[in-house]
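> Sequence:
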Amino acid sequence: CLGRGSMGVYKLNNPEDLVFYSRGVSNPIFQEFIPGEEYSVDVLADRNGNALSIVPRLRVGVESGISVKSLTVFDADIIEQCKRIIKKLKVFGPACIQCIKNDRGIFFIEINLRFGGGSVLSMRADKSMIPNLLRLICDEKPIQSSGFTNGLMMMRHYSETYVHKDMITQKSHQSSEDI
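In case it helps, my numbering puts the sequence shown at residues 3 to 181.
Hints are computed from structural coordinates only; laboratory data are not their basis.
Please read all numbers here as calculations on a predicted model, not as lab measurements.
It is possible that some hints are incorrect.
List time: in silico DSS-like cross-link candidates among lysine-lysine, alpha-carbon distance up to 30 Å [to be verified]:
hint, residue 1, residue 2
1, 13, 89
2, 129, 103
3, 13, 103
4, 89, 103
5, 85, 143
6, 143, 92
7, 90, 103
8, 129, 143
9, 71, 85
10, 103, 71
11, 129, 92
12, 129, 90
13, 143, 90
14, 85, 103
15, 85, 129
Whenever a hint applies, use it, and build me the whole structure from the sequences.
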């Protein structure tokens, strides 16, 4: 199964939608639509599956599956459940756990054994993450995080660069030694 920023994902509202989308989607996967607030939770765990850092990030703005606005949120329930998941699965190193929270509870939808694209917010909010990652890489004893900055927001933006077309044409005709 390949995933790509929610491309090729469709919400089916009726049986006709199923017929329509099944014509263009090979090997579909069906799952319940869960409304609510979506969180990405960055975790760093030691060799025994003990969470050293857990930072929930509310995905406030998403474009093409990429978080462009996120907010760190102290949510004791999410943190505790992620701690149990990491321990049960004996995760070592970084993980990005995604969940949706609504009035029915917390629904875990994805676990990635890597830092997520928006993990830079968690690294900024919890200063122990990078030093602990280096400790784990060097087979040194990590330290338990003392917590993270609650309410820290990250906003990404695109910026444009303008150059005259002649500048690009000139560079593309030069050899690699000239550049």
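> For each hint, tell me whether it holds in the structure or not.
Against the structure, the hints:
1. Using a Cα cut-off of 30 Å, the hinted pair residue 13 and residue 89 is violated, with the two alpha carbons roughly 33 Å apart.
2. With a C-alpha separation of about 26 Å, the suggested pair residue 129 and residue 103 falls inside the 30 Å cut-off, and the hint holds.
3. Of the supplied pair hints, the one linking residue 13 and residue 103 holds, its CA atoms being roughly 19 Å apart against a limit of 30 Å.
4. A C-alpha spacing of about 21 Å is found between residue 89 and residue 103, which places the hinted pair at or below 30 Å, so the restraint holds.
5. At roughly 19 Å between alpha-carbon atoms, residue 85 and residue 143 fall within 30 Å of each other, so this suggested pair holds.
6. Proximity of residue 143 to residue 92 is assessed by CA-CA distance (about 17 Å); at most 30 Å being required, the pair is judged to hold.
7. A distance of roughly 21 Å separates the Cα atoms of residue 90 and residue 103; the hinted pair therefore holds under the 30 Å criterion.
8. For the hint linking residue 129 to residue 143, the alpha-carbon distance of about 16 Å falls within 30 Å, and the restraint holds.
9. Using a Cα cut-off of 30 Å, the hinted pair residue 71 and residue 85 holds, with the two alpha carbons roughly 25 Å apart.
10. Pair hint residue 103 plus residue 71 holds up; C-alpha atoms about 18 Å apart against a cutoff of 30 Å.
11. With a C-alpha separation of about 23 Å, the suggested pairing of residue 129 with residue 92 holds against the 30 Å cut-off.
12. For the proposed pair residue 129 and residue 90, the alpha carbon gap of about 26 Å is at most 30 Å, so the pair holds.
13. Between residue 143 and residue 90 the alpha-carbon distance is near 21 Å, which keeps this suggested pair within the 30 Å criterion.
14. Distance restraint check for residue 85 and residue 103: the Cα-Cα separation of roughly 17 Å lies within the 30 Å cut-off, and the hinted pair is therefore satisfied.
15. The hinted pair formed by residue 85 and residue 129 meets the criterion: a straight-line CA distance of about 19 Å does not exceed 30 Å.
Consistency note: the structure conflicts with earlier hint 1 alone.
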